[in-house]
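Note that the protein sequences, when read in sequence, are chains D and W.
According to the numbering used here, the first sequence holds residues 1 to 287 in order.
According to the numbering used here, the second sequence holds residues 288 to 870 in order.
Derived by calculation from the structure, the hints in this document are not laboratory data.
Source: prediction; values computed, not measured.
There could be a bad hint or two in this list.
To be verified - Quick list of in silico lysine to aspartate or glutamate cross-link-like pairs, EDC-like style, CA-CA up to 20 Å: (1) W:K461 x W:D388; (2) D:K130 x W:E714; (3) D:K130 x W:D704; (4) W:K725 x W:E705; (5) W:K657 x D:E239; (6) D:K13 x W:D709; (7) D:K266 x W:E430; (8) D:K182 x D:D224; (9) W:K725 x W:E604; (10) W:K854 x W:E827; (11) D:K266 x D:E9; (12) W:K663 x D:E239; (13) D:K265 x W:D382; (14) W:K450 x W:E430; (15) W:K450 x W:E439; (16) W:K657 x D:D226; (17) D:K182 x D:D226; (18) W:K663 x D:D277; (19) D:K130 x D:D115; (20) D:K13 x W:D707; (21) W:K450 x W:E516; (22) W:K734 x W:D747; (23) W:K446 x W:D457; (24) W:K446 x W:E430; (25) W:K453 x W:E443; (26) W:K725 x W:E736; (27) W:K453 x W:D388; (28) W:K450 x W:D388; (29) D:K182 x D:E9; (30) W:K663 x D:D226; (31) W:K725 x W:D715.
What the hints assert, rightly or not - From chain W, some residues computed to sit far from chain D (all C-beta separations above 10 Å): (32) I393; (33) C520; (34) E526; (35) A531; (36) P581; (37) R680; (38) V700; (39) L816; (40) K854.
Glycine included, each C-beta is placed from N, C-alpha and C at the ideal position.
Spelled out from the first residue to the last, the chains are:
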Amino acid sequence: MTSSQVTIEEYGKYETAWCPGCGNFGILNSLKQALVACGLAPHQVLLVSGIGQAAKTPHYLKANVFNGLHGRSLPVAIGAKLANPELTVIAESGDGCMYGEGGNHFLAALRRNLDITILTHDNQVYGLTKGQASPTSDQGFATKAQPHGVVATPFNPVAVAVTMGASLVARGYSGMPGHLTKLIAQAIQHRGTALVDILQPCVVFNKVNTYRWYKERCYELNADYDPRDRDQALRTALEFGGRIPLGVIYKTHKPLFEEQFAVLKKGPLARQEVPQDGLQQLLRHYT
Amino acid sequence: MSQDIQLLIGGEAGQGLVTIGQLLGKALVRAGHQIFTSQGYHSRIRGGHNVFAIRAGSGPFFASRDSIDILVALNSETVALHRDQLTSRAVIVADTAISSDLPGTISVPFAEFGPERFWNTAALALLGQILGLSSTQLQQAVETMFGKKHPEMMAENLKIMEKSRKWAIDQVPKHGCTLSAGAVTGDRLLLNGNEAIALGALAAGLKFCAFYPMTPSTSIAMELITHAETMGCVTEQAEDEIAAINMAIGAAFAGAPSMVTTSGGGFALMAEGVSLAGMTETPVLIVVAQRPGPATGMPTRTEQADLEFILHAGHGEFPRAIFAPGNIETCFNLTAKALALAERSQSPIFLLTDQFLADSTRPLAPSELKAGTPVKAGAEPGDTETTPYQRYRLTENGISPRLLPGLSQHLVVAGSDEHDQDGHLSEDHQTRIAMVEKRLRKFALLKEETVRPVLDGEHDCSLLLVCWGSSQGPVQEAAAMLRAQGSSVATLHFSQVWPLLPVQFLNILQAADQVVSVEGNATGQFARLIQRASGFVIAEQINRYDGLPFTARYILAKLEKIAGWEKLPVINPNTDTSTGVKS
Ligand SMILES: Cc1ncc(C[n+]2csc(CCOP(=O)(O)OP(=O)(O)O)c2C)c(N)n1
Ligand SMILES: [Mg+2]
């Protein structure tokens, strides 16, 4: 039951704990616009986040919210979706939370393919803890914690997701709000786990990957780009340096994880009675 | 006359000893006998030394005996390992290829009965004959296993069983191990502790379980999965235990009564999640099946050493309750109670079991299982519900009506940061105080619901044995043996170990001349907890930490080392000659 009359005002306005100029503002705005474009009312939406500056986003719009632990947004989102498949579930967090602390959950979530959306605010740094390297930090990125610069190879979430055959993989940029809104709306409407890795300038702790840096590199994929071609998708995903392609990079059709549970076809578990003679039936196995 | 036969089947993993044991157990129950079965095994799929023990007779039995009346040796190692436990009337059943110099050895030419894959059913028929079961009783047991699915296997099995039974009638010499007719009538269920936990949870309305396999907890989830579709329950093998508890919290938040099952090491990974459940006030049942630690410890053995860990796991302060069932029926009943209490108190609630209970079975009357009305998750919004809805509204008892996301127009906001009544994060210190106190007020409900410890015996006894969780059966048996010798001995068993309310037990401890605790750990964790809660110091302790469960004889042998109990009268040598205690 989606209503086309939803307005952006219904999603409210809140004071935030973000720095002036933070890339998170653009993402918040695009998220609200996308929810409106999808015709979703706030009570139909559950936003699940971890901990970090990005993970505070659910507090800044009206929706159902579960703001859990650092790294653990995905398992909570999955549990909630399995309890109530009618909810539109969005897991939203930072790059450190989603790919570092929660890396194992990220891989497992892509493999499962529930009908949920993953939004990562990827500022290539740990913001809330004041500027340590994150899994997506560029090699050579120097911080107080990595004074000689990052040595480890950066994690490419988009390429990993393509390799794993995730059902929708996209990259967006908070500095291109119109484009980002469309990507998020597409991800929400997609049947299956949809990842949008969103490049997000951190004006305080990342002086390398700045608005200017991204602006010089980001470009939209051509209209004739075919996201169903996995080899091309992988090449596109690996393009991260001089040029950074934005858009839906890979898309495929896979069965939904939740479809294996017959009971979920009947709707939210909270609305279902325990079968009256169920226990009696079970106990027969043990006589 | 009371009858008490201890049978033990020993062999390597993969030799089918569990199948023989289970079928024999079923047949004994159908024949109206009381039984208790338990298992011990090495952490491997093939090889090692595994045992399946069945105690049968007039019972009821709540533990195995150390001494053995019927030893079924599937390999020579079994004869060597258990020869010191044999009673004077013992018979040893072994294939002719296995050498045994022991008196009472029955050398069975299994090869004469048929191909090797049928030797298990041949052994079953032979044991049935020794124990005095009729061939129909045994056939029924085998039928439940092969009958409908493999009729040709069934026919072949029946032929072999008949050959084996005939051989036994002709060749087995006189012995004292035959049971007189079983006296128990009516349908009975044969459940192990983990099956009882799974069924108790389902009966109480469990709708979601996430787990990561870890012995000895795994079979709870496996049992749930078998019945999940019938009962409308969703289960998921998570990528790790951290995911498991966070999934359960997510599912519970969205309206599914939820549970996780694990063992100590897996639970260690869940600790932050426990704290999250406490902070977000999300109901979740956490079942921990203990095995000896630290680290990987002894994966397939038993211990009661995770009590203090579970009591303290999770940073910050929030209320919790810990149940510790002492037998199969309380595994079922307390799981049901714990699931309901998690929902009512919107808190993490624990159930602590162990390998001993997990792998033990005992026949039960269906009426002994009580689940109550199934848990209903969350509340419906009242007509007067304020907007915006306040998930953490401050209330007198600390419990705020819990609406579910997506099931009304109201928005539900839950947070792991300190939050205001609306769920949004707050760093205000007055709000902090109000929220800490709100959460702690819920402890009153947990106290009201605390299960009383059970005193078995006289209030002013000379010796009171204090125990918790799975040691109940062996401790009560040891006390009964002492009472039979004329001593004034009582037991006090706790099936809930937190909260501990001195009004429920302090006067009992004070009334006894001497108090001894009996627990399956090295340091007396529960005795320490009693002292912390009530000030009462239990100075004398019987502890077991070799990985094996308590038995009555083990407890008595340890008691003999405590002042005043040095010379215990000898227990009837016919039924019990060995302590099984290595000094
Ligand atoms: C278990 C745990 N470890 C560490 C932290 C501290 N911590 C909070 S946020 C964070 C990193 C945040 O980085 P990211 O996820 O990229 O979010 P950002 O602040 O950059 O938006 C860390 C390490 C925590 N809260 N919990
Ligand atoms: Mg970050």
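Hints breached by this structure:
When the structure is compared with the hints, numbers 5, 7, 11, 12, 13, 16, 19, 21, 22, 27, 28, 30, 33, 34, 35 and 38 turn out to be violated.
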